[in-house]
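**Q** In case you want the letters, here they are:
Protein chains: 2
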Amino acid sequence: MSSPHQPKVTSLVDLPSSEAKWIKLQKAIYRDARGNERIWEIASRKTTSKSGVDAVAMGNIIYHPSKPPSTILVIQFRPPLNAFTVEWPAGLIDANESAEEAAVRELYEETGYHGKVVSTSPAVAADPGMTNANMKLCMVEIQLKEGDPEPEQHLDEGEEIQRVNVPLAELYDRLEEFAKEGYVVAAKLYHWAAGVQYAIDHPKLFEKVGSKEGA
Amino acid sequence: MSSPHQPKVTSLVDLPSSEAKWIKLQKAIYRDARGNERIWEIASRKTTSKSGVDAVAMGNIIYHPSKPPSTILVIQFRPPLNAFTVEWPAGLIDANESAEEAAVRELYEETGYHGKVVSTSPAVAADPGMTNANMKLCMVEIQLKEGDPEPEQHLDEGEEIQRVNVPLAELYDRLEEFAKEGYVVAAKLYHWAAGVQYAIDHPKLFEKVGSKEGA
Numbered sequence: 015m016s017s018p019h020q021p022k023v024t025s026l027v028d029l030p031s032s033e034a035k036w037i038k039l040q041k042a043i044y045r046d047a048r049g050n051e052r053i054w055e056i057a058s059r060k061t062t063s064k065s066g067v068d069a070v071a072m073g074n075i076i077y078h079p080s081k082p083p084s085t086i087l088v089i090q091f092r093p094p095l096n097a098f099t100v101e102w103p104a105g106l107i108d109a110n111e112s113a114e115e116a117a118v119r120e121l122y123e124e125t126g127y128h129g130k131v132v133s134t135s136p137a138v139a140a141d142p143g144m145t146n147a148n149m150k151l152c153m154v155e156i157q158l159k160e161g162d163p164e165p166e167q168h169l170d171e172g173e174e175i176q177r178v179n180v181p182l183a184e185l186y187d188r189l190e191e192f193a194k195e196g197y198v199v200a201a202k203l204y205h206w207a208a209g210v211q212y213a214i215d216h217p218k219l220f221e222k223v224g225s226k227e228g229a
Numbered sequence: 015m016s017s018p019h020q021p022k023v024t025s026l027v028d029l030p031s032s033e034a035k036w037i038k039l040q041k042a043i044y045r046d047a048r049g050n051e052r053i054w055e056i057a058s059r060k061t062t063s064k065s066g067v068d069a070v071a072m073g074n075i076i077y078h079p080s081k082p083p084s085t086i087l088v089i090q091f092r093p094p095l096n097a098f099t100v101e102w103p104a105g106l107i108d109a110n111e112s113a114e115e116a117a118v119r120e121l122y123e124e125t126g127y128h129g130k131v132v133s134t135s136p137a138v139a140a141d142p143g144m145t146n147a148n149m150k151l152c153m154v155e156i157q158l159k160e161g162d163p164e165p166e167q168h169l170d171e172g173e174e175i176q177r178v179n180v181p182l183a184e185l186y187d188r189l190e191e192f193a194k195e196g197y198v199v200a201a202k203l204y205h206w207a208a209g210v211q212y213a214i215d216h217p218k219l220f221e222k223v224g225s226k227e228g229a
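Protein sequence lines, in the order shown, are assigned to chains L and G.
First residue of the first sequence? That's 15 in the working numbering, and the numbers climb one at a time after it.
First residue of the second sequence? That's 15 in the working numbering, and the numbers climb one at a time after it.
Keep in mind that the hints were calculated from the coordinates and are not lab data.
Among these hints, one or two may not hold up.
No copy is singled out in the list; a pair is fine if it fits within one copy or between any two copies.
What the hints assert, rightly or not - Below, computed lysine-lysine pairings styled on BS3-like, alpha-carbon distance capped at 27 Å: (1) Lys218 <-> Lys35; (2) Lys194 <-> Lys22; (3) Lys218 <-> Lys22; (4) Lys81 <-> Lys218; (5) Lys130 <-> Lys64; (6) Lys60 <-> Lys130; (7) Lys159 <-> Lys218; (8) Lys64 <-> Lys222; (9) Lys159 <-> Lys38; (10) Lys81 <-> Lys159; (11) Lys22 <-> Lys41; (12) Lys38 <-> Lys22.
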């Protein structure tokens, strides 16, 4: 860290729901499949956009004429974990903004790169047993030219986000190393990298029936 | 659904933190990298196990002598989303239980299958901007013999979980279909499947330097 201060949570106190601005607790009463009435506790965001989707993450691929294909990760202090996390760039979707618009905007703010969204996932659930928080994964391509300088970030006041460029071929191993060094890797990024690695290590498991040539 | 009732949230009310049993809101005061004091709102579980890890998910691979390799997914009504979700089997880790012990136990309870844990991820963060909730991904192998009957589940009272066996080669496409049909796919499972699919569709992006044969 080049920062003069090591970020740190200095106090953690219970927060009455009435004082919370960003998140809230709710109690759902629901009828189960047997017709019984039951209760479930839920943590929700107060800020879900009009589209009904909270957040977008940018699964980005950087193409460069003479460097291996890579992806840019962001490292930042996350107070909920009192730790630095390793994640793909991501952010909340603003009101009246599409997931794709938020993806291009947040990628530019957090990394300085201009990207092109090439695919968007359905809205998927962050932690379905605890919260209704959801997100979309946008896959974004970034095309660089020889000699392009590293762009400037455009962070909000108070935001401190470091960028790390990782060759895609090394992504899974690098995430394992980050975890050993005390960083907390985001589950979604980890799962994507683990899926890539599993497909590379076990190609026959994923062969479609009828495409057996070379097996 | 063969169930006589369609599960449904019938009421959703604010829950004072003091009345919540499973989750809570907290306010973190933290010092940022510039030395400024800031505030962040956090949703936490009250039940984190002694190991410091909340949950485990079972990324399972089913091997069968005459059927394509597959994975078992679970479909259940999730009150936070007021919807049926598609997830890998998962559960909270009990006190004094390891992630691997919880993985074998929960897989047996939710699916009836006996599995063998072949790898365990670091603790990764479910939704780092909102919560300290974390989990480990255990990859689990299930070896079936010809003619093995589908095992019985061993669910808790009130649990209603359906199993779906999906060939690995079709996993990504099936998740996209589930989403179109109104199910909510869990982000972690989706990211794993998307990583697999990306590696299959773009093998050259993941080639390590020095392994260019055939490129």
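**Q** Work down the list of hints and note, for each, if the structure agrees.
**A** Cross-check of the supplied hints:
1. Lys218 <-> Lys35: neither (50 Å within a copy, 46 Å between copies)
2. Lys194 <-> Lys22: within (20 Å within a copy, 43 Å between copies)
3. Lys218 <-> Lys22: neither (46 Å within a copy, 41 Å between copies)
4. Lys81 <-> Lys218: Only across copies: Lys81 and Lys218 sit 13 Å apart there, 30 Å inside one copy, limit 27 Å.
5. Lys130 <-> Lys64: The answer is within: 23 Å in one copy meets 27 Å, while 44 Å across copies does not.
6. Lys60 <-> Lys130: Neither: 30 Å inside a chain and 41 Å across chains, both beyond 27 Å.
7. Lys159 <-> Lys218: between (36 Å within a copy, 20 Å between copies)
8. Lys64 <-> Lys222: neither (39 Å within a copy, 43 Å between copies)
9. Lys159 <-> Lys38: Neither: 46 Å inside a copy, 49 Å across copies.
10. Lys81 <-> Lys159: within (10 Å within a copy, 48 Å between copies)
11. Lys22 <-> Lys41: between (32 Å within a copy, 14 Å between copies)
12. Lys38 <-> Lys22: Both ways: Lys38 and Lys22 sit 24 Å apart in one copy and 21 Å across, limit 27 Å.
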